[in-house]
Amino acid sequence: MIELLPLFIAIPLGGAFLITLTAWKLRRLADILGVCAGLPLLVLALLCIGKQGVYHVGAFLAPLGINLVLDGFSVLLLVIVNVIGFMALLYSISYMEQYTAKYKYYALFLLMVGGMNGVVLTGDMFNLFVFLEIASIASYALVAFGCEHEELEASFKYLVLGSIGSTFILLGVAVLYGLTGFLNMASIAQAVASMEKTWLLSFASVLFLVGFGIKAALVPFHPWLPDAHPSAPAPISAMLSGVLIKALGVYAITRVVFNVLGATPLFGIIIMVLGVLSMTIGVFLAVGQWDFKRLLAYHSISQMGYVVLGIGLGMFIIANNGPTLVAGMAIFGGIFHLANHAVFKSLLFLCSGSVEYQTGTRQLKSLGGLQEKMPVTGTTCTIASLSIAGIPPFNGFWSKLIIVIATVLAAFVFPGMLILTAITILVSFVTLISFLKVLRYVFLGELPSLFKQIKDSPFFMGISLVMLSLLCIGMGLLLIPGLRSVVFDPAVEALKQGLDYGKQILTGF
Amino acid sequence: MIFPLCFALFVVGLYCALTKRNVIKIVIGLAIMEYAVNLFLVLLGYKKGITLADAQAPIIEPVTNLDDFFMKAVDPLPQALVLTSIVIGLGVTALAIAICIRLYQRYGTFDISEMRRLKG
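So the protein lines, in turn, are chains A and B.
For the first sequence, my numbering assigns the number 1273 to the initial residue and increments by one for each residue that follows.
For the second sequence, my numbering assigns the number 549 to the initial residue and increments by one for each residue that follows.
Some clues are possibly wrong.
[Stated by the list, open to error] Here's a subset of chain B near chain A, in silico, CB distances under 10 Å, partners left out:
1. Ile574
2. Leu591
3. Ile598
4. Cys648
Hints listed in this document are in silico derivations from the structure and should not be mistaken for laboratory results.
Just so you know, these numbers come straight off a predicted model, no measurement behind them.
C-beta: ideal position from N, C-alpha, C; glycine also.
Turn these sequences into a full structure, and let the hints steer you where they fit.
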């Protein structure tokens, strides 16, 4: 299994190459090749669940060569990226019919998936930067795919902020290399564990925080997201909101802070503050929106706040030598919400895409009564809305519940944490209000006479909507101890071990 | 001395990218940031206490004195990193300029403050 790890990067890159080479004349061939590249990735990712290991590229051993590391946290992200990627590919078959140059779309899409797979697998800082840039550049181009006024403007904004972020990350990597003499994450972790803490190390952490913070669209660094995510074609919005900000932003910062630089109390507080700011500001900006996709984009900022809050709380408790059980629970809540958000937010973006595909508009005020004309889209959108708002049987409820319980338990040791509990519940409530507004204006109410003739989503779009909504309903089952110990516990353990990560990678699992 | 200058160059680039209104100037600002980081990476390769004039290229020839080599040769790894980083920077700049051209075709101006269709 470990020998197959390079395929996660090779298949999408090779697929992108083949598509640009062969499919420029035959439209169907691009569809077939795209899905043919997505399916094996999905199967491989699912086969990876529960596995761990290190692959040495070119058989060069750790400090010299680049290694691909498969541990609990990487597996989780790998599964999310490839599941959502495959669903978005299926959806694109019908949705992208409205655009010309479909083969270029598939090529860029696969480049983006390849870059994200690389980011979550790599065990080398500079290699992380390279894959991050592959995924980012592909996403800049995909945001501008329609080449209309708004798309170009959003893409330029995204490109400028994104490259500033990447440059900060590269500078951070350079500082870290100058400080320790290594690029391999495991070796850096060991060097950092044994060296004195200097201001240069804090400088590198700040550079990483800003760089990855821009990629993750945490609140002071968020202005590109509400423009870029709605402007892209719907499957790309789903990929950007569903996985890109997680793989490039949250995954990378979590990995670097926990396993490479080491968790400190100050860093835990900073990350928690960023999380709380994202949660509240994102949700209050979202309530006032009348553009369907823009509203969803603001909710992405807010929901990423939950993820970052959970992870930051865990980091704070670990760094203060608090109860590790509570820390584990906070981290578990964070990454469980990360997985859930990937599913329901991509489903919501795909639903908004279906609505736009059939009606040609995404202004909430000019829509209405679509439930009877588009039953599949309406039902799946309702499921996703209830999930994101945290209504019991759906997945979003469970992860929010775990984060809330973790904050309450943390309050026994650190009394100030109760305010976090209050904020999480308040934000969840505002989210519910905002999604009731969406359902009320899009799917209920009176059908405008303009839309008497519309039909439901085409087959391939419908099928990916239904599969994602089944995931929304079913993911609560992952809480059952047997399943949790396979999927989430290795991920939590991988983060909780902190700088011991290096020892484990260098000596083998 | 040279490291703070390098950082100053980085800040100049950042300032240019964040405050200029002409899209082309913003792209130039991004490029300046890139070059500052590349310069920083190359400078990292020099051994402590060796002046720039004394430093050697990291190439071992039959006549090379190895002791001297270990003391004076620069670290070749950052140079390899810089090559990669330059190529990535080229890709980003090319894409940015392509978007600028399209923006000019749509809006008829390079002024970013006149491109304001997205709000909220």
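For which of the previously enumerated hints does the structure constitute a violation, in increasing order of number? Hint check: 3 fails alone, others pass.
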